[in-house]
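Participant: Here is what each chain is made of, one letter per residue.
2 protein chains.
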Amino acid sequence: MSKFASRMKSMEKSAAVIRNLFGAMNDPEVISFGGGAIARECLPVETIREITQDVLQRETRGIEALSYGPVMGINDLREVTISDLIEPKGVRTKVDNTMILAGGLEAMNLMCQVFIDPGDVILVESPTFVHSVEIFDMFQARCIAVDTDENGMNMDDLEEKIKKYNPKMIYLIPTFQNPTGRTLSLDRRKKAVVLASQYDVVILEDDPYRDIRYSGVELPPLKSFDTTGHVVMANSFSKIFSPGSRLGYLVAEEPIISKLADAKSATNSHTAILPQIICAEFFKRGHFPEHHKRLCAIHKERRDTMLKSIDRFFPEGTRRTDPEGGLFTWAELPAGFNTTELLVEATRNPEVKVAYVAGEGFFTEGNGKGNNCMRLSFGAVPPDKIQMGMEKLGKLFCQHERKYSWTVGS
Amino acid sequence: MSKFASRMKSMEKSAAVIRNLFGAMNDPEVISFGGGAIARECLPVETIREITQDVLQRETRGIEALSYGPVMGINDLREVTISDLIEPKGVRTKVDNTMILAGGLEAMNLMCQVFIDPGDVILVESPTFVHSVEIFDMFQARCIAVDTDENGMNMDDLEEKIKKYNPKMIYLIPTFQNPTGRTLSLDRRKKAVVLASQYDVVILEDDPYRDIRYSGVELPPLKSFDTTGHVVMANSFSKIFSPGSRLGYLVAEEPIISKLADAKSATNSHTAILPQIICAEFFKRGHFPEHHKRLCAIHKERRDTMLKSIDRFFPEGTRRTDPEGGLFTWAELPAGFNTTELLVEATRNPEVKVAYVAGEGFFTEGNGKGNNCMRLSFGAVPPDKIQMGMEKLGKLFCQHERKYSWTVGS
Chain A
2 MSKFASRMKS MEKSAAVIRN LFGAMNDPEV ISFGGGAIAR ECLPVETIRE
52 ITQDVLQRET RGIEALSYGP VMGINDLREV TISDLIEPKG VRTKVDNTMI
102 LAGGLEAMNL MCQVFIDPGD VILVESPTFV HSVEIFDMFQ ARCIAVDTDE
152 NGMNMDDLEE KIKKYNPKMI YLIPTFQNPT GRTLSLDRRK KAVVLASQYD
202 VVILEDDPYR DIRYSGVELP PLKSFDTTGH VVMANSFSKI FSPGSRLGYL
252 VAEEPIISKL ADAKSATNSH TAILPQIICA EFFKRGHFPE HHKRLCAIHK
302 ERRDTMLKSI DRFFPEGTRR TDPEGGLFTW AELPAGFNTT ELLVEATRNP
352 EVKVAYVAGE GFFTEGNGKG NNCMRLSFGA VPPDKIQMGM EKLGKLFCQH
402 ERKYSWTVGS
Chain B
2 MSKFASRMKS MEKSAAVIRN LFGAMNDPEV ISFGGGAIAR ECLPVETIRE
52 ITQDVLQRET RGIEALSYGP VMGINDLREV TISDLIEPKG VRTKVDNTMI
102 LAGGLEAMNL MCQVFIDPGD VILVESPTFV HSVEIFDMFQ ARCIAVDTDE
152 NGMNMDDLEE KIKKYNPKMI YLIPTFQNPT GRTLSLDRRK KAVVLASQYD
202 VVILEDDPYR DIRYSGVELP PLKSFDTTGH VVMANSFSKI FSPGSRLGYL
252 VAEEPIISKL ADAKSATNSH TAILPQIICA EFFKRGHFPE HHKRLCAIHK
302 ERRDTMLKSI DRFFPEGTRR TDPEGGLFTW AELPAGFNTT ELLVEATRNP
352 EVKVAYVAGE GFFTEGNGKG NNCMRLSFGA VPPDKIQMGM EKLGKLFCQH
402 ERKYSWTVGS
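Order-wise, the sequence lines are chains A and B. Counting from 1 along the first sequence, just add 1 to a position and that's the residue number in my numbering. Counting from 1 along the second sequence, just add 1 to a position and that's the residue number in my numbering.
Keep in mind that the hints were calculated from the coordinates and are not lab data. Treat the numbers as computed from the prediction; the structure is a model and nothing was measured. Treat the hints with care, as some may be off.
When chains are identical, the list treats them as one kind, so a pair holds in a single copy or across two.
As the list claims (entries may be wrong) - Okay, derived cross-link-like pairs now, DSSO-like style, lysine-lysine, Cα gap no bigger than 30 Å in a straight line:
#1 Lys162 to Lys285
#2 Lys396 to Lys192
#3 Lys191 to Lys309
#4 Lys396 to Lys370
#5 Lys95 to Lys4
#6 Lys165 to Lys10
#7 Lys393 to Lys10
#8 Lys14 to Lys370
#9 Lys164 to Lys4
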């Protein structure tokens with residue numbers, strides 16, 4: 002019974018990271034900066050109750066909600082996604098090119114089904130989202146890291162690595178990146194699309210955080226510069242509506258979109274219908290603008306508290322990113338700290354009981370890169386608890402700093 | 002931009018069958034015996050409205066419904082699935098071995114992720130479910146057909162082909178099989194499990210129709226005879242609750258279940274939560290027994306009408322199966338008929354406008370096998386329309402029979 006497919010071996014490491022991540026989220030005594038969830042205060046429970054009540058009272062809508070539906074998703078949701086979320090960003094598309102997904106992450110799975118044979122290269126940011134890497138590993142892709150700085154992926158290094166590795170795909174999280182919170186600059190967005198077209202490589206633009214911006218100037222998606230069909234734009238309703246509904250969407254041109262539809266059919270036929278109807282009605286009935294305003298206000302306060310707490314409580318020499326939106330900050334402790342080892346103490350020590358995601362797992366390079374780094378998510382934790390948790394974490398780190406200095410000095 | 006993964010090539014044929022199948026379902030003027038949906042009269046819209054209303058009124062449940070949840074599915078649904086649907090069939094299991102899926106079809110996708118490398122052999126029934134074949138093709142499995150008769154898969158042929166092909170998996174739909182409606186006999190169920198254990202091959206027992214039985218004696222699942230962990234039992238809520246909810250479940254032992262959970266995490270994180278809660282409450286609040294009784298009564302009438310209509314309207318010499326439950330009959334027209342060609346006329350001719358699924362697509366052997374056969378689904382069509390559609394279809398076939406006889410005689 003050990004005759005598992007070879008892909009099970011290649012995904013072992015990243016799958017373990019994901020399992021740990023979800024594990025820590027389940028301990029109610031732990032203050033978790035681990036998962037990438039939004040504030041529970043922002044889940045529109047009451048609005049959804051009203052919508053559902055209404056929808057299921059109408060004969061045809063009720064039957065539709067419980068019946069088989071189209072592989073690409075219901076028209077209503079595709080239409081309102083285009084009018085409210087896609088076209089306002091400068092991307093022109095049609096219902097036939099817009100597919101509803103069972104959560105944003107499904108885009109990575111389906112894109113791998115369509116493009117990735119074992120051994121194919123995917124160029125990723127360094128660091129990049131570990132859950133996507135789990136998917137790339139399952140498809141036995143070879144992830145090659147491209148250098149990044151405060152403006153996102155370095156375009157010279159991207160071009161060099163396109164030439165060197167002949168990749169099948171470039172995976173980018175351009176806005177408030179996971180895990181760093183950084184944003185790809187406008188120039189680089191344009192340049193990436195030019196390179197994709199020039200070297201005939203597809204870009205998977207994974208942009209689930211773009212709509213929760215607290216400061217700075219909004220930037221157009223890479224897809225808005227795409228004239229040759231080389232960009233597939235993927236997004237999620239998890240951050241702007243509800244993660245439990247498992248809804249996402251993508252925009253792609255022919256022939257890619259047809260292949261994605263076949264892969265979707267062979268994955269789960271189609272996305273659950275009731276969540277699609279509820280989500281469509283949420284936008285159609287005009288609930289989004291007010292909800293969006295509140296979402297940004299609540300998360301801005303959390304971001305501000307998180308950033309201040311890092312500056313106040315973390316050891317001297319700690320560096321951090323300065324995200325203009327999204328849910329993540331990336332902190333780099335001084336050299337010598339090992340965030341993977343410290344996480345065990347942070348979650349188990351009864352004086353601490355705080356979780357984060359250790360940095361190492363976000364680097365596909367391996368070789369210990371990022372082992373003094375961590376991703377800190379501020380979305381799901383109220384400001385007072387952010388401050389409390391960060392103070393405890395800071396104390397733990399400072400204690401270790403003293404030990405560390407002593408070891409080095411001795 | 003033609004650098005698609007090689008699996009896109011291997012799934013081309015079966016994907017086209019699936020696309021056509023869904024296509025015909027969307028023409029409101031066509032009486033469709035194509036899709037495998039249940040009667041819309043059996044969708045518990047009102048009960049689900051009440052449950053949803055109640056669930057979303059409770060603070061914690063409402064938040065749970067909209068938040069990220071466990072990869073394996075919510076405990077409530079796993080528990081009630083075990084108590085109401087699994088243990089009554091003689092299968093003993095635990096919550097840790099029971100996973101909630103995004104529809105029954107997801108079982109095939111995840112099992113392939115876990116077991117199938119390109120070129121690996123899956124033994125399937127001849128004929129077998131074409132949508133599963135689409136998935137097997139996407140994973141570049143080599144499907145080898147095993148002979149079947151009125152009692153399901155032939156066990157001598159199964160053993161011979163296990164020896165000959167060293168398969169990774171045996172795919173069985175034991176009860177009211179798709180497409181034939183036939184049921185694997187008790188002896189063969191036991192024998193299949195013995196063979197799986199003896200030759201160390203995993204059985205994927207796909208059993209979504211088992212709970213809608215109209216006559217005959219209920220048989221225990223293969224999983225109930227499994228003492229060595231070689232059987233993975235998969236099922237769906239699509240036929241007994243609602244297809245649009247995209248819910249299914251599977252039962253598997255370690256280490257398979259852990260691998261399946263990793264594959265699920267890398268596919269869509271987890272199944273949508275609100276449908277899971279609604280479904281769990283549907284069972285917990287005791288709605289199922291009454292619903293189940295009605296489900297069987299309504300579909301029994303449709304089956305009876307369908308069988309009588311075949312006997313009455315189809316050409317002499319037509320053979321058909323005699324299903325004791327489920328949603329399908331399999332009809333074999335006399336040699337010379339080509340159901341693939343006739344389907345074009347059946348759906349387009351304004352005098353007919355009836356759809357079925359042509360038999361050919363269900364045979365992985367190719368070579369024109371089944372080209373005088375068809376799958377007729379009676380679930381989604383009311384009795385009067387079954388009779389009307391079958392009469393039209395019968396007339397079309399009889400007209401062609403005359404043409405055919407004339408050609409042969411001339």
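Participant: Of the hints given before, which are not true for this structure?
Facilitator: 1, 2, 3 and 7
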